[in-house]
Structure formats: structure tokens, C-alpha cells
Amino acid sequence: LKFRGYVLGHPQFSADEQAALKIESVAAFHQAWSDTVKWKIATEERRKHGSRRVGKFAQDFVVAASDIMSYMGPILNLIRDIGAPFGGMAIGTVSFLFTVQKAIVKVRKTGEETLNKNVAVIKELYDAAARDRLSVLRRLLGLQVYEAKEKNYELLLEYEADHKYFTGNEKKRVETMNEAALEDLEKDQRWIDWRTSPKSSLLFMAGFNHNVGFEQCWLSPAAIHLVKTLYDEPPGNPDIYAFYILGIRPGQRNGEHITQVLSHIMIQLLMQNIRALQDGNRWEDLQGAFEEHATVVDAAMKDPKNVFKTRKNMEVAQSATLKVLNLFSHDGPQEQRTLWIVLDRVDRVKEPPVRLLEVLEYLIVKAKVKVKILVVVNGWDWKHLPSYIASLAEKREEGVIVYEGRQKRR
Numbered sequence: 002l003k004f005r006g007y008v009l010g011h012p013q014f015s016a017d018e019q020a021a022l023k024i025e026s027v028a029a030f031h032q033a034w035s036d037t038v039k040w041k042i043a044t045e046e047r048r049k050h051g052s053r054r055v056g057k058f059a060q061d062f063v064v065a066a067s068d069i070m071s072y073m074g075p076i077l078n079l080i081r082d083i084g085a086p087f088g089g090m091a092i093g094t095v096s097f098l099f100t101v102q103k104a105i106v107k108v109r110k111t112g113e114e115t116l117n118k119n120v121a122v123i124k125e126l127y128d129a130a131a132r133d134r135l136s137v138l139r140r141l142l143g144l145q146v147y148e149a150k151e152k153n154y155e156l157l158l159e160y161e162a163d164h165k166y167f168t169g170n171e172k173k174r175v176e177t178m179n180e181a182a183l184e185d186l187e188k189d190q191r192w193i194d195w196r197t198s199p200k201s202s203l204l205f206m207a208g209f210n211h212n213v214g215f216e217q218c219w220l221s222p223a224a225i226h227l228v229k230t231l232y233d234e235p236p237g238n239p240d241i242y243a244f245y246i247l248g249i250r251p252g253q254r255n256g257e258h259i260t261q262v263l264s265h266i267m268i269q270l271l272m273q274n275i276r277a278l279q280d281g282n283r284w285e286d287l288q289g290a291f292e293e294h295a296t297v298v299d300a301a302m303k304d305p306k307n308v309f310k311t312r313k314n315m316e317v318a319q320s321a322t323l324k325v326l327n328l329f330s331h332d333g334p335q336e337q338r339t340l341w342i343v344l345d346r347v348d349r350v351k352e353p354p355v356r357l358l359e360v361l362e363y364l365i366v367k368a369k370v371k372v373k374i375l376v377v378v379n380g381w382d383w384k385h386l387p388s389y390i391a392s393l394a395e396k397r398e399e400g401v402i403v404y405e406g407r408q409k410r411r
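Number 162 in our numbering belongs to position 161 of the sequence shown; there are no gaps in the numbering.
These are calculated hints, taken from the structure and not from any lab test. Here the structure is a predicted model, which is why all the values come from computation and not from measurement. We treat Cβ as the ideally placed atom computed from N, Cα and C, and that holds for glycine. Just so you know, nobody snuck in bad clues.
Below 16 Å or equal to it, Euclidean Cα-Cα: the simulated EDC-like pairs (lysine to aspartate or glutamate) are: (1) K200 - D240; (2) K165 - E180; (3) K229 - E155; (4) K229 - E159; (5) K200 - E398; (6) K150 - D233; (7) K324 - D286; (8) K367 - E398; (9) K313 - D299; (10) K313 - E293; (11) K351 - D304; (12) K310 - E359; (13) K150 - D240; (14) K200 - E399; (15) K324 - E285; (16) K369 - D240; (17) K324 - D280; (18) K313 - E292; (19) K310 - D299; (20) K229 - E151; (21) K396 - D194; (22) K351 - D382; (23) K229 - E161; (24) K324 - E293; (25) K165 - E216; (26) K150 - E234.
Pair by pair, the computed Cβ-Cβ distance ranges are: (27) G248 - E359: 20 to 26 Å; (28) K313 - Q279: 29 to 35 Å; (29) K303 - R191: 38 to 44 Å; (30) S392 - Q145: 35 to 41 Å; (31) E399 - E180: 30 to 36 Å.
Take these sequences, add in the hints, and give me the full structure.
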């Protein structure tokens, strides 16, 4: 009664809204609802000016209105039967609430705003937890700083500039990987087969400089070019890439450990899929794998030549890297995503480089996502490489493609 008195006596409610409160029968409610439907259709007709558009709207709206009444009818009958002597008054209250849409909309809007704020807070907490977990993994990998994508790209451009500078004096005497040569490379069937294969694959590019003692590898621009191409892909492209060039940083000219190379690749990939670390089970699985990997990192520092002669150490390195790759198998259709890994100057690793290739071969066979790996080496800096190339060439069915390029005189 107080509610009815408030509505009938308050100027903020219109005459139609106050009239709805006075409805006391199911039949009157049906009539009021029918009038509302007709008014809504007439309003849309004036607003949209198009018989086809209005006709479609009217049809949809009438169907929706009928659905509402099919639910409301039995409820109103129940109110009428059990609510005497105030059943009519209750029906009027329901009619009023139907009419005063702005009150309902306001309540719903307030609820949605509150929910969105809570969701935002929860999301922020999850993201913060994932970042903390990433820091733990980074330390286990033995890395002092994050691999910021932009910083990595700056290092790549510096490396490209250095490469052009050092090869500048050579280009008049021998062929170089200039733009024309890179275009020819992209038309080479081996390159095409590697890039377009529906399955994971590895392209092994061995470059033999004309000058045996020349420090730069004449095929390195192929790796640089691919990274720049991937970097320039539009934001909507689902592909992910990571790259590493051995000796690109100061103080690393004398070579790096296989574990260091893999660590740099893993952290780059993790930073592009940090939300996967929000999953507690995946996080615990990764943490355990990385803790084991940390022991191999320590062993590599002490005895790089023999660390991967131990089968268990090889399995630990393979397993940790594979788990990072497979995080992407949980994120969207597998056939729409490719992980690209680009490694230049693998010949510079402190361990026998064949061990790193064994890890990479394992990844293309076992990964649950499509992985494309490009490896570039300076042929003269890898002892006994020709015999190894011969063995690699026999693995075409396993996704390994060999490209051997010998620099020619002009």
C-alpha cells in the first residue's frame, strides 16, 4: 500500500506508468501489454522509414512479446488466485514494474558496472600472478633480464648493420645476400617447401664463405630477413616467433651454451603467452621442468663438452623446451597458429652443435603445434659438417630440409 501511494503521489512517474499500477485483472494486463506492443511497432515505423526493415522488426518483436506473455500469463493467474483480497493490487504492481523500464534498466546497468569492475580487479590479480611466475621461470633459466621484443629487434638491426659493414668490402669480389638474392631464395623450392609445409619442419642452411677465414656467414641475411618479415606481420596474425643470433651481444663472441640458446627462445615464447601461466597445473608442470633444466644449466657451465653426453641432460633440455611450445596448443585452433624459431650462427655454441640440432629435431617431431625452425650456420666453423649434412639429408621424411650454399666469386 505504501508503494502504491508513493507511485501515485510522485510527479516523476507519468500518467501511463501510474495507470499501469491500477490494473487489477489478468485480462487488463494482457490489454495493456498488447497496447505496448502496438506503440513500440508504430514508434519503430516512424524512426526507420522502411517497410521491409519495419516488417522484420515487427515480426521479431511480436514473437518476443508473445514469448514473454506465455510465461507471464500463468504467473498472473497464480497471483490472482492465491493473493485475494489483494491479488488485483499485486497484478497492478507487476504491470507497473513492466511499464517503468527505466528503473529495471538502471538496476541492471548498476549491476553490470559492479560486475565489470570486479572482473577487472580479478583479471589484474591473475595477470600480476602470471608476471610473478614468469620472473621465477626467468631466474630458473639463468637469465638476468627479460627479452623485450622491441629490444631484441633493435639488436637485430644493429647486427644487420654490422654484417653489411663487414661484408661491404667483399661484395665487389664475391656474391652477397642482397635484396635480389633474398628474392631468389624465397623462390627456391627448398625454402618454399619448408615455409608452406602443413607439418612442423626444420630448414638447415649451411653457408660456406668463399674466404674460408671470413668471420661473418654470407647466408646470415636469410635469418635476418625472415625475422624482419615476421616482425612486420599485422597484429591479427596468430603466428608467434622467437629468434636468437649467437654472438649478437657484447661478450658473447666466444660462444654460448646450448642451454643459454634454448633459454632465450623459451623466455621469448613465454612472454607472448604469459596468460598460460595463470593455469595452476601448467605452472606447476613448467616450474618442475625448469628446476630440472636449471641443474643442466649449471652442468653446462662447468663442463660444456660433456654435459650432453649424458642422455638425461638431453632429455631435460628437450622436455622443458617442448612444454613451452605446447602451451600454445591450448590457445586457439592448432592449424591456424605457427611457431617460428630462427637461429643464426649455431656453429658458435660451446657444446658440439650437433647436440642442439638433436634438440630441435626432437621438437619438430613431438610438438603439438606447428613449428618452423630455421638454422643458419657458417660451414667452415663447424668441423666435419659435410658428413653431418649428408646424414641430415636423409631425414627429409621427418621434416628436415637441407640448403647448402657456397659463395661464388663475381
